[in-house]
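Chains as they are written, first to last, in my numbering: chain V, 28 to 127; chain F, 871 to 1428; chain A, 7 to 142.
Since the hints were made in silico from the structure, they are not lab data. Here the structure is a predicted model, which is why all the values come from computation and not from measurement. Treat each hint with caution, since some may be false.
Residues on chain A that point at chain F, a partial pick, calculated with CB under 7 Å [to be verified]:
no. : residue
1   : 67
2   : 73
3   : 90
4   : 104
5   : 126
The calculated EDC-like cross-link candidates involving lysine to aspartate or glutamate, where the alpha carbons are at most 16 Å apart (straight line), are [stated by the list, open to error]:
no. : chain 1 : residue 1 : chain 2 : residue 2
6   : V       : 95        : V       : 109
7   : F       : 907       : A       : 42
8   : V       : 95        : V       : 85
9   : V       : 95        : V       : 44
10  : F       : 1115      : F       : 1126
11  : V       : 95        : V       : 54
12  : F       : 1035      : A       : 55
13  : F       : 1115      : A       : 55
14  : F       : 1117      : F       : 1138
15  : F       : 907       : V       : 85
16  : V       : 95        : V       : 68
17  : F       : 1035      : F       : 1113
Built from N, CA and C at the ideal position, the CB exists for glycine as well.
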Amino acid sequence: MPRPFTPKVVTANALTEGWVIYLTEDDRWTRSLSEAELLTDEAHAELRLIEASARSAEAVGVYLAEMKPGPDGPEPVHFREDFRRAGPSPRAVPLMTEGS
Amino acid sequence: MYRYTDFDADFVAERNRQFRQQVARRLDGSLTEDEFKPLRLMNGLYLQLHAYMLRVAIPYGTLNARQMRRLAEIAERWDRGYGHFTTRQNIQFNWPRLRDVPDMLDALAEVGMHAVQTSGNTIRNVTADHLAGAAADEIADPRPVAELIRQWSTDHPEFQFLPRKFKIAITGSPNDRAVTRAHDIGLRLLERDGQTGYEVIVGGGMGRTPMLGQVIRDFLPEADLLPYLEAIVSVWNLLGRRDNKYKARIKITLHEHGIDALRTRVEDRFAELRPAFGGADRAILAALRRDFAPPALAQGRSTRVFETARAADPVFRAWCDSNLAPHRAADHAIVQVSLKAHGAVPGDASAAQMRALADLAERYGHDDLRISHEQNVVLPHVHKADLPQLHAALTAQGLGTANIGRISDIIACPGMDYCALATARSIPVAQEIATRFQALGLEDEIGPLKIKISGCINACGHHHVGHIGILGLDRGGVETYQITLGGDHSETAALGQRIGPGFAADEIVPAVERLVQAYLALRTEPAETFLACYRRLGPEPFKTALYGAGNEARPDAA
Amino acid sequence: MSILVTDTGFAPDDWTGPVCDLASHTDPAALQIAPDTGLVRIRFPSFADGRGFTLARLLRLRGYAGRLRAAGHVIADQYAMARRAGFDEVEIDAALAARQPEGQWLFRADWRAHDHRARLQAHPGARLGAPLGAGL
């Protein structure tokens, strides 16, 4: 049996800034995962991936990332996507104060 | 130390002009992303998990105060006020924007620095012993040769699109602090019958297939170095696998063909290439030796203030015991400044800390700074009489941690907090181990112990050669940490052995603690190090400590 | 139609004689070309395949003095590498020439300047540190 399709979002890094970006339903790139379009249909997801990949002047490394629906929009399933959304753990950014 | 010639300065300026144009051509569509990627990589620019990352070369780990200050300025102006020193003697800035990078490179060029070939399928930044030119055990300073290799490999027209990356390390001491057997080429300076030459080791590497290098030439006369290096890379460029990136490194080529067949090909190619080298390289090397002439050290100055402070101040004494290395001049010391404050990010320095280090290098250290592959900073020439004041100044900047070579002096790659390749985090594991053993108050009792942590199989954190190696993996969507034991990065190099199933993130620190407690119980005397104890007893007692008597198998998390 | 790139920019391919084509996976042990071969053309299946640069160098070291051409997916950024490795010219297709027009190739036509290797390989008497007039 083919595996059931799990929901996805289109994500990438912005070409000029390098930031993590997500594709919205109205074809904008957003830095906020909660604004991303959650793709629940496989054929539609593939189409959105092709459309987004063509925007090579804006985005690098476009791919589909697995997500689940949440109260505030899509939420990561895998811890890697959680890091991409949230940035480094606070402790992984050095303390600037004396004695750090 | 070496200062850029007009040739170097013109080269780097031109290279930056080319990169500026390449960025513009990527933005206007002249270059596809596939074409731009290797071009940005060979200029040190990655696209990481959250942002671009610029990896700046600190060739053979040597820089001066002016250069260190410039790194601080770059961190503040174009990044977020800090940088990360790496296991390959580079510094990484984690947050640059693409359009700013050409300006950052120009700012580096003004102080004789660049990011050329810190990435890509090229010959990478040449690494060397971080104690070069100062260590008491040194045969010769390896840095003039390292600089010669930097010049030869830079923009080498044949070797910009190799099968894979290619790393060269060189040591001038029999005590190998440059991990030469874990490099594509490792060079060891030798003297034989009054002649200077090199033992040439080829095919070492870490990553998913860790291998220790093998000797391809036991004594290469100095004059033949560049043509011989060129022969090795030339043979591998044509012979190395290009169908599978995991089989592309020269260690696999060596494994597939054997050392004898590889040697034959290299010697044949060397015979072809040798006549093309007309001797200018040797004249340049002679000039480089003058550039790296040792500083004029103070003569006859009393070290009494040092001895007095050492006797009176236990904090200073502890720092001296762990952080100083023997200088070839008995009244001087090599100061190793720890970038491993307990709970801090291993290898990170703030702009303020970089400036403080620059000031201190000028005041006390002959304007000489080093970056070690263990992600610490070295002031290689400090008079002992200056040590008490230096220690106080370092402490005021959060740089006085007394833990070099101890359990909290952990090598850790950036891991999944920053790196796009990572499969798990490294930094928090290092932080928790360091703070845990600080809380236990056991560091001095444990003595020399090297923990090295990688956040993926590529092994930037050198876990294969850690006495305790930790490898972070993704197992079914869960961060999982595998332990290897018995690795050794030194002249007695060895690869660690995987010891059993992996541990979850909340289990790894207690697991390390059980290992260390087992060692403390098993050692014959305090002088028997963890590594010596492991070599004497083998893995069994440590397995028991990790997994219980009988080593009952748990469901394999890794 | 193919476009030929030289130090003076774009030109149509003027060669009408026989061509000796070499793949990038050519065994270097078998790399012997008769000196009177009119044109040797080394193929670049991808710009990321750097074998052609070493093959060109070996051909020159082995005495081939005839016309030597890099053909296929070679990008403007590689022009200086190609010339320094021993190629005389680069052959690209019209699509690549349109995407990377002549100016981008001319930007790299000063391949004799800033050449670390040529400087290190020079024979005694060459001026150290001086801007290079002589190439390989």
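Okay, which hints does this one fail, numbers in order?
-> Per hint list: 2, 4, 7, 8, 9, 11 and 14 violated.
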